[in-house]
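*Asks:* Sequence:
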Amino acid sequence: MSGSVIGTLSAIWRYPVKSMGGEQLDEATVTSSGVAGDRGWATRDEVRGGIRGAKKIAELMSCSARYVTEPTDEHPSPTAQLTLPDGTTVRTDDPGLHERLSAALGRQVTLWPRRPSTDLDHYRRGAPDSEDVIDELRSVFGRLDDEPLPDFDGWPVDVVATIMEFESPPGTYFDAFPLLLLSQQSLAELAARAPDSTIDVRRFRPNLVLDLPGDGYRPELTLAGRTLRIGTTEIDVSTSCPRCVMVTHPVGDLPADREVLRTVVRDFDQDLGVYATVRRPGTTRVGQAVSLVDAATTGA
1 MSGSVIGTLS
11 AIWRYPVKSM
21 GGEQLDEATV
31 TSSGVAGDRG
41 WATRDEVRGG
51 IRGAKKIAEL
61 MSCSARYVTE
71 PTDEHPSPTA
81 QLTLPDGTTV
91 RTDDPGLHER
101 LSAALGRQVT
111 LWPRRPSTDL
121 DHYRRGAPDS
131 EDVIDELRSV
141 FGRLDDEPLP
151 DFDGWPVDVV
161 ATIMEFESPP
171 GTYFDAFPLL
181 LLSQQSLAEL
191 AARAPDSTID
201 VRRFRPNLVL
211 DLPGDGYRPE
221 LTLAGRTLRI
231 GTTEIDVSTS
241 CPRCVMVTHP
251 VGDLPADREV
261 LRTVVRDFDQ
271 DLGVYATVRR
281 PGTTRVGQAV
291 SLVDAATTGA
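For reference, each letter of the sequence shown is one residue, going 1 to 300 in the numbering used here.
These are computed hints drawn from the structure, not numbers from a lab.
Only true hints are included.
Pairwise CB distance ranges (calculated): (1) Gly96 - Glu74: 19 to 29 Å; (2) Thr88 - Asp151: 40 to 50 Å; (3) Leu254 - Arg226: 28 to 38 Å; (4) Ser102 - Thr277: 26 to 36 Å; (5) Val133 - Ala192: 30 to 40 Å; (6) Asp129 - Pro250: 12 to 22 Å; (7) Gly96 - Asp146: 40 to 50 Å; (8) Gly96 - Val5: 43 to 53 Å; (9) Thr72 - Ser102: 21 to 31 Å; (10) Gln288 - Asp129: 40 to 50 Å; (11) Ala256 - Gln108: 20 to 30 Å; (12) Val201 - Glu131: 35 to 45 Å; (13) Asp132 - Ala289: 41 to 51 Å; (14) Ser4 - Thr89: 37 to 47 Å.
Given the structure is predicted, the values throughout are model-derived calculations rather than measurements.
We treat Cβ as the ideally placed atom computed from N, Cα and C, and that holds for glycine.
Required output: the full structure, derived from the provided sequences and hints.
*Replies:* Given below as structure tokens:
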């Protein structure tokens, strides 16, 4: 099979619960919905309605989650164990889960496994915090009054239409695309441009971290429209990822830091990392080569 090697896969991340800290994997099965088990669970706001992530509930990022058993095709959202901000743990099969999670987050919530894509009401957006659309967007994206809001003109029309109506594409809990890719080079450049911040991959929640040596300080941006092969998985890189308020929240031992987002908006044209879809499901392992694939090898 043809294809030029452009780098290596340096890390795989999976997030059992949307917006909570995740777990690193040495190897992963990648399905059409992304890394198997990724965003298998999500929090629902029982007051305002709708699935909520850390754009609305910042305290979610002070929690973490890991699976007790591995996801399968029959059980894509298996039992997970959550670590709450005070260090205590609770499993998703605990009858007191919703009460304990609500107390930890300071609001009435429930935790849900993925529902079928036909359950549209489950995925529909809840009530906004502000009736002013611009105020709502500035809050979600963490933008100051003199900073631009993200421009989605280059996004696929069907994706934009879906996320306008639904918190996530029905049947999933990811924001818009099943995979987020980020290069070590982009993280290093951000660290150089924000010397007073601690730049840690956990703030940015990628699925796949790539080492892409060569020219360019954000090499993943050059891959938009290209197909990558990692192991037996083939991935279509779609578009860049506009960053939101989530990167400013405390996560693990990292403090709140608004300067991280200020730097991304100012020096990175608001984007860090790229979104991707899965052309050919397969398996990937840390250390495997990342190759560009031409159309002839993909059956396109």
